[in-house]
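Engineer: Sequence:
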Amino acid sequence: MILTRTPFRIPLGGGSTDLPAYYEKHGGFIFSVTINLYMYIGLNRPPGDDLIRLKYRASEEVERLADLKHNLARAALQRTGVDKMIEISSTADVQDGTGLGSSASYLVGLLNALHALKGENISRRQLAEEAFEIATRDLGLPDGKQDFYLASFGNFCVLNIAPDGNVSVSNANISRETQERFERQSLLFYTGVRRSSVDILEEQQLGVRENKIDVIELKHQTKSIGQEILAAFERGDLDEFGRLLDRHWEVKKQMSQKISSGVFDAIYAAVKNAGALGGKIV
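With our numbering, letter number 12 in the sequence shown gets 12, and the count goes up by one each step, no holes.
Honestly, the hints are just simulated from the structure, not real lab data.
Even glycine gets a Cβ: it sits at the ideal position worked out from N, Cα and C.
Please note: incorrect hints may appear among the correct ones.
Computed list of lysine-lysine pairs in BS3-like fashion (alpha-carbon distance at most 30 Å, straight line) [claimed, not checked]:
no. : residue 1 : residue 2
1   : LYS25     : LYS55
2   : LYS212    : LYS253
3   : LYS272    : LYS253
4   : LYS69     : LYS55
Beta-carbon label-pair distances, calculated as ranges [claimed, not checked]:
no. : residue 1 : residue 2 : range
5   : GLN254    : GLY81     : 22 to 30 Å
6   : ILE2      : GLU180    : 31 to 39 Å
7   : GLN254    : ALA276    : 16 to 24 Å
8   : GLU63     : SER175    : 50 to 58 Å
9   : GLN254    : ASN166    : 27 to 35 Å
10  : PRO163    : ALA66     : 20 to 28 Å
Produce the entire structure from the sequences given, and follow the hints as far as they go.
Structural biologist: Here's what the structure looks like:
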């Protein structure tokens with residue numbers, strides 16, 4: 001039995017500049033942090049038969065890999081060449097569709113387990129890149145690099161993405177005192193809303209590829225604010241982080257009418273009235 005535990009993440013600055021349509025022209029910047037909420041993958045090879053069994057919200061049992069309905073699991077098994085006599089189960093601390101990068105955490109955790117099963121010791125970077133390629137090339141999803149790298153590397157993580165797709169990864173230089181204040185002063189709420197980000201990401205990628213000036217300018221602003229947020233963290237100025245988060249949210253809402261809603265706007269107004277400096281829908 002092989003077990004993996006992979007963290008979920010909260011983006012802090014630069015979000016969506018990790019999309020290929022943007023970073024291939026302008027380079028991307030991401031500042032994010034992983035949190036103590038996780039995806040758990042269990043992997044076993046029962047010797048009784050050659051069936052493929054998968055347990056998640058649903059339960060599948062198939063003879064052929066091609067018949068597996070779970071896209072991420074099927075693609076990961078295809079990539080790693082495991083096509084029989086395998087049982088995979090997954091559980092998570094938070095439901096999918098809540099904006100914490102659960103799909104990436106699932107894929108990175110599963111690949112980690114599959115490579116361990118085969119006796120292959122691969123790096124965190126290799127895990128992140130393989131998961132990104134499966135999502136974008138094999139499955140055609142409009143994902144960026146952020147979620148896969150955060151799931152692999154963790155911590156307060158800074159990603160600088162070159163136009164050729166090469167990612168420079170570093171830990172932010174944040175004091176323990178600032179980290180503890182961040183935990184005390186930040187509140188994370190579940191809105192009860194679950195949704196897919198695919199439509200929003202496709203819309204943003206299309207806007208950049210069509211060279212829409214307003215879309216690209218919003219991405220530039222997002223990257224600039226993200227760099228300011230990192231600087232605020234590194235000097236321990238979390239009040240400034242709050243104010244920058246408010247600016248970031250106003251910019252993000254302009255990227256797509258699908259990002260916010262009447263419910264989200266009401267929640268945001270309520271927390272601002274209660275004294276919050278800033279916030280965002282994750």
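Engineer: Hints first: check each against the structure and report whether it holds.
Structural biologist: Results of checking the hints against the structure:
1. Annotation: proposed proximity of LYS25 to LYS55 is violated, straight-line Cα distance about 41 Å (limit 30 Å).
2. Between the alpha carbons of LYS212 and LYS253 the distance comes to roughly 16 Å, so the proposed pair stays at or under 30 Å and holds.
3. Under the criterion of a C-alpha separation no larger than 30 Å, the hint pairing LYS272 with LYS253 is consistent with the structure, at around 16 Å.
4. Our distance criterion of 30 Å between C-alpha atoms is met by LYS69 and LYS55, whose separation comes to about 11 Å.
5. Distance hint check for GLN254 and GLY81: the Cβ-Cβ separation is about 45 Å, which falls outside the suggested range of 22 to 30 Å.
6. Between ILE2 and GLU180 the C-beta distance comes to about 34 Å, which sits within the given range of 31 to 39 Å.
7. Take GLN254 and ALA276: their Cβ atoms lie about 21 Å apart, and the range 16 to 24 Å holds.
8. The hinted window of 50 to 58 Å between GLU63 and SER175 holds, with their beta carbons roughly 55 Å apart.
9. Our hint of 27 to 35 Å for GLN254 and ASN166 holds, since their Cβ atoms are close to 30 Å apart.
10. As the Cβ distance of PRO163 to ALA66 is approximately 36 Å, the hint placing it in 20 to 28 Å is violated.
Hints 1, 5 and 10 from the earlier list are contradicted by this structure; the remaining hints agree with it.
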